[in-house]
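Number of protein chains: 2
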Amino acid sequence: MNGLMMNVQLSVTSIMEHGERVNGATEIVSYTRDNHRHRYTYRDAFRRTRQLANGIAGWGLAQGDRIATLAWNDYRHFETYYAAACSGYVCHTINPRLFPEQVSYIINHAEDQYIFLDPDFLPLAEGIAGECPGVKGWIVLTSEEHMPETSLPNAQCYETLVAAGDTSFDWPQLDENTACALCYTSGTTGHPKGVLYSHRSTMLHAYATMMPDAMGISSKDVVLPIVPMFHVNAWGTPYSCPMAGAKLVFPGSKMGDGATLAALINEEGVTMSAGVPTVWLGLIAYLKSSGMRVDSLNRVIVGGAACPLSIMEDFDKYGVETRVGWGMTEMSPLGSINSSPSSRERYSDAEFAKVRLKGGRPIFGVEMKIVSDSGEEQPWDGVAFGSLKVRGPWICSSYYKLDNSDAHAEPGWFETGDVATIDPEGYMAITDRTKDVIKSGGEWISSIEVENVATDHPKVAEAAVIGHFHPKWSERPLLIVVRNSDGQDLDAEEMLAWFDGKIAKWWTPEAVEFVDELPHTATGKLQKVELREKFKDYSFPS
Amino acid sequence: MNGLMMNVQLSVTSIMEHGERVNGATEIVSYTRDNHRHRYTYRDAFRRTRQLANGIAGWGLAQGDRIATLAWNDYRHFETYYAAACSGYVCHTINPRLFPEQVSYIINHAEDQYIFLDPDFLPLAEGIAGECPGVKGWIVLTSEEHMPETSLPNAQCYETLVAAGDTSFDWPQLDENTACALCYTSGTTGHPKGVLYSHRSTMLHAYATMMPDAMGISSKDVVLPIVPMFHVNAWGTPYSCPMAGAKLVFPGSKMGDGATLAALINEEGVTMSAGVPTVWLGLIAYLKSSGMRVDSLNRVIVGGAACPLSIMEDFDKYGVETRVGWGMTEMSPLGSINSSPSSRERYSDAEFAKVRLKGGRPIFGVEMKIVSDSGEEQPWDGVAFGSLKVRGPWICSSYYKLDNSDAHAEPGWFETGDVATIDPEGYMAITDRTKDVIKSGGEWISSIEVENVATDHPKVAEAAVIGHFHPKWSERPLLIVVRNSDGQDLDAEEMLAWFDGKIAKWWTPEAVEFVDELPHTATGKLQKVELREKFKDYSFPS
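Residue numbers (our numbering), protein chains in the order written: chain A, 66 to 607; chain B, 66 to 607.
These aren't lab readings, by the way, just hints derived from the structure by calculation.
Take these hints with a grain of salt, some might be off.
No copy is singled out in the list; a pair is fine if it fits within one copy or between any two copies.
Keeping only pairs whose Cα atoms sit at most 25 Å apart, straight-line, the calculated SDA-like set for lysine to any residue is [stated by the list, open to error]:
#1 Lys434 with Glu92
#2 Lys319 with Asn72
#3 Lys593 with Gln221
#4 Lys201 with Tyr170
#5 Lys419 with Thr586
#6 Lys285 with Gly447
#7 Lys434 with Asp488
#8 Lys434 with Val73
#9 Lys285 with Arg364
#10 Lys285 with Asp360
#11 Lys434 with Glu85
#12 Lys601 with Arg548
#13 Lys285 with Gly384
#14 Lys570 with Gly125
#15 Lys537 with Leu561
#16 Lys285 with Ala418
#17 Lys285 with Asp414
#18 Lys500 with Glu575
#19 Lys434 with Leu555
#20 Lys601 with Phe234
#21 Lys537 with Arg409
#22 Lys567 with Ala228
#23 Lys285 with Tyr464
#24 Lys319 with Asp581
Keep in mind it's a predicted model, so treat the numbers as computed, not measured.
Extracted from the complex, chain A is given alone in its bound form (with noise of 0.2 Å):
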């Protein structure tokens, strides 16, 4: 038997309405090139982008067809979003920092028909339109006065492209499970692949960060979003926000400028913010060397790579809270959220150091489970580590227009590529990647941890650990470091001598090579598979 109750489907379109009708008198402030303060309301965002999807009703899309953006933080992108989505079309967020040759191949792959782009991408998006048939029109967000010269077919003005749209727009009724969104995410290895939101998976994410125990927002909050709108939808925040009735303040082309961010924190009353660890850097380096303080910030979402702990110290001192939070693409993406536990008396301060740097606990909708090589679910007792898997109605069921994966190898769950522990408050901590895990004498070493190790010696700029092929121990891990300016002088007897007590002998080392850099991917990740071919023929010493 089934309740009774409204068949209301959930949609991206419901939030615009709530947006406009319940706070459409809060604000959007935006950095732009143009307008280093662009100020606007949520009235104003929704009216304009009724403007556009007019304008986008008169190319003969079919419903489901992409559109794309290469684009910063600001309203327009905004408006882009709402237009697309809540007329039964993808928007489709293109990452302009992956390589020219990935970006055209996304752009084929997902048969973009349209793409919104800033100004800033016109030179990347001139040098590979020749190789993207398929795209009829390219939309450059700005103004008439502000249209630069493009060698780009069909290029038009955004601005023109909204001015001559009515106001009033019929939106399409959306079954919920419409898609809505589309990011492509890259691996170390292989094609991008694109992970396809529906209007359902965006709105019940964008709840479920709403949480206080997640990101907390409310009407009170001001929030600024550094995590770009072109990865991950921003992690929710675009949608989260005119939910919540919170002032949005969208930072442009500036996510990694510490001046401006601080300058938009202090100047707009900035409450939360979220981001990933090297923007932190930027912003603390700039506060400490201007004296600046960031007061009205409460707090902030670390995420998108491991957060180290200077930061959370150094934001300690600023009074605002640190919140890890752990996810990806393919999770919409907040899958975990380390506030802090409420049952701080308990700990220690090195034992809270450790735990606060935990990936945190599942937020409500997202189920894991740890599970062996043998497909034996692991207790969650914070030791026992294993296979990282998931499921929700916000993580992806297969990748758009590729029917196998290995991730989605058991059927109902999602494999995270991760290696982690539970503990059995249900605070979840990365050990590692799945493909990265050493197994000496059949028991796994965390690379993870014995990188964290390494990198903590004041002589040592970045270091990797890999498993490598070893007669008796079938593997054993081999440290790979690239000294810093001030260790010179290091050698393998000082660096291996530094895990004594540190972690557990026989995760120690093997050995240590020392190099002068390592293999990075486009968007900064370790390339540990090109590091494993590089020393293929290593042999340790006996």
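Based on these hints, arrange chain B on the given structure of chain A.
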């Protein structure tokens, strides 16, 4: 084109599983007749829920069958909620405060198969059991040692049933639209009507209530639901708390006892509570007389009836934030909430007093509109009145076993039966019940506003305003007053003079009649139908 996201069904079962795995160590404290501080964890609760589910499985019920409860807020009632819903049955919570003939009507209309009841309700149950031949068994929520003598047929002891059950249970995979709970709402006329909640609606509603601007429930909260689990699922707290990992404190039969509530708050560190105005009047009276404080208490949600300003002002002094909520049984129940506006500084004290009494802003997921008699949507200007209609995924589409109702006259919208204004910031204020509205010369007069002014008079105990035939204006307001003990000398002239300058001249009642008491329903609602009947032959003085 559909998104490629996992098809994971929204369910109460997932709340239970998250509560156990992630928040298993969090406590549930209950006041029961036999143990004034029963204390265990979510892990214990859901283990016992599986035992109970095994017991119920032995009864041979069909999916969708109704299992009823007549119970206080405590851990056994909590277990019954989950065991019934997650097994695929419907947990039908019965309000024991209804008249016995209403209770037997409800049991028979719902076709309840088994009834779980607190020993306190044995006299009620024994009195009606003969009228309820379909009930196959009565489970008394107590332990073997406290099992009372009873004339109920097929009475069983709850703890005996639980103890016999295995601790593992295979929960069925349920479609998210499956019914999970049933609650009857009693209007001022006619039979009570059943609202049938689904797994989907229950989970979505719980998400919405957890938002910071709504109840803002987090893992750091200790929640005391003083709203009964026998009415609209205690406003969703039995679901939202295990989702958040908030400690739950159940007051058992002591919902009206200020001393017990104050003790629970202080001893258990309660941070958040929810209840109707009456319970707050009781708590505040106790605090004033005892000199006790409630320092852990951060906020209370007040709903179910209009909140007097005095409650807010008293709570202000105790450092407790008061949030008015508005909703209905048909709305799961939350529709809007009045968390203090982010722009407090824009209001004078008098304006603020007015704004904080409003029903608040619609929570995301609930759409509202106000329409005129002719069905025209009214502006959100804080002045225009209209019948309030709502829609959303946790709002009832029809009543149980009742094909048509006036409340569903407009497809896709639920007619709340309230008349309201909504201001430009989205603050909704109820001005009347649709059926109580007074139409004078074609214009609406808010009976509630007139009543509020009248009851502010120091000599008035209670007041009601009804529309009454007038030869010139079709209808004019007639004020009916119960004098208080200090007010025996209050006459019509003094009463009517009181309105000068407080409301529009033409809203001032045409006449006053004094009575000894006003008619009320079993749940305390004023029965204006009866008043109108009583005064039907009345003539205004000319």
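Indicate which option fits the pair Lys285, Gly384 if close means a Cα-Cα distance not exceeding 25 Å: within, between, both or neither.
-> both (18 Å within a copy, 19 Å between copies)
At most 25 Å between C-alpha atoms: does Lys593 with Gln221 qualify within a copy, between copies, both, or neither?
-> neither (43 Å within a copy, 64 Å between copies)
Using 25 Å as the alpha-carbon threshold, which applies to Lys601 and Arg548: within, between, both, or neither?
-> So Lys601 and Arg548 pass the 25 Å test inside one copy only (22 Å; across, 95 Å).
Given identical chains, is Lys434 near Glu92, meaning Cα to Cα at most 25 Å, within a copy, between copies, both, or neither?
-> between (41 Å within a copy, 24 Å between copies)
Could you place Lys434 and Asp488 in one of the four classes (within, between, both, neither) given a Cα distance threshold of 25 Å?
-> Answer is within: at 12 Å inside a copy they meet the 25 Å cutoff, but 48 Å across does not.
Is it within, between, both, or neither for Lys285 and Gly447, if the alpha carbons may be no more than 25 Å apart?
-> So Lys285 and Gly447 pass the 25 Å test across copies only (22 Å; inside, 37 Å).
Are the CA atoms of Lys285 and Asp414 at most 25 Å apart within a copy, between copies, both, or neither?
-> between (32 Å within a copy, 20 Å between copies)
Identical-chain pair category, Lys419 with Thr586, by Cα at 25 Å = neither (29 Å within a copy, 59 Å between copies)
Same-copy or cross-copy closeness of Lys537 to Leu561 [CA-CA at most 25 Å] | Only inside one copy: Lys537 and Leu561 sit 20 Å apart there, 100 Å across copies, limit 25 Å.
Give the relationship of Lys434 and Val73 under a CA distance limit of 25 Å: within one copy only, between copies only, both, or neither.
-> between (32 Å within a copy, 16 Å between copies)
Pop the pair Lys285 and Tyr464 into one bin, within, between, both or neither, using alpha-carbon distances up to 25 Å.
-> neither (37 Å within a copy, 38 Å between copies)
Lys570 and Gly125: within-copy, between-copy, both or neither at 25 Å Cα | Classified as neither; 66 Å inside a copy, 59 Å across copies.
Against the hints set out earlier in the document, violations occur for numbers 2, 3, 5, 14, 19, 20, 21, 22, 23 and 24.
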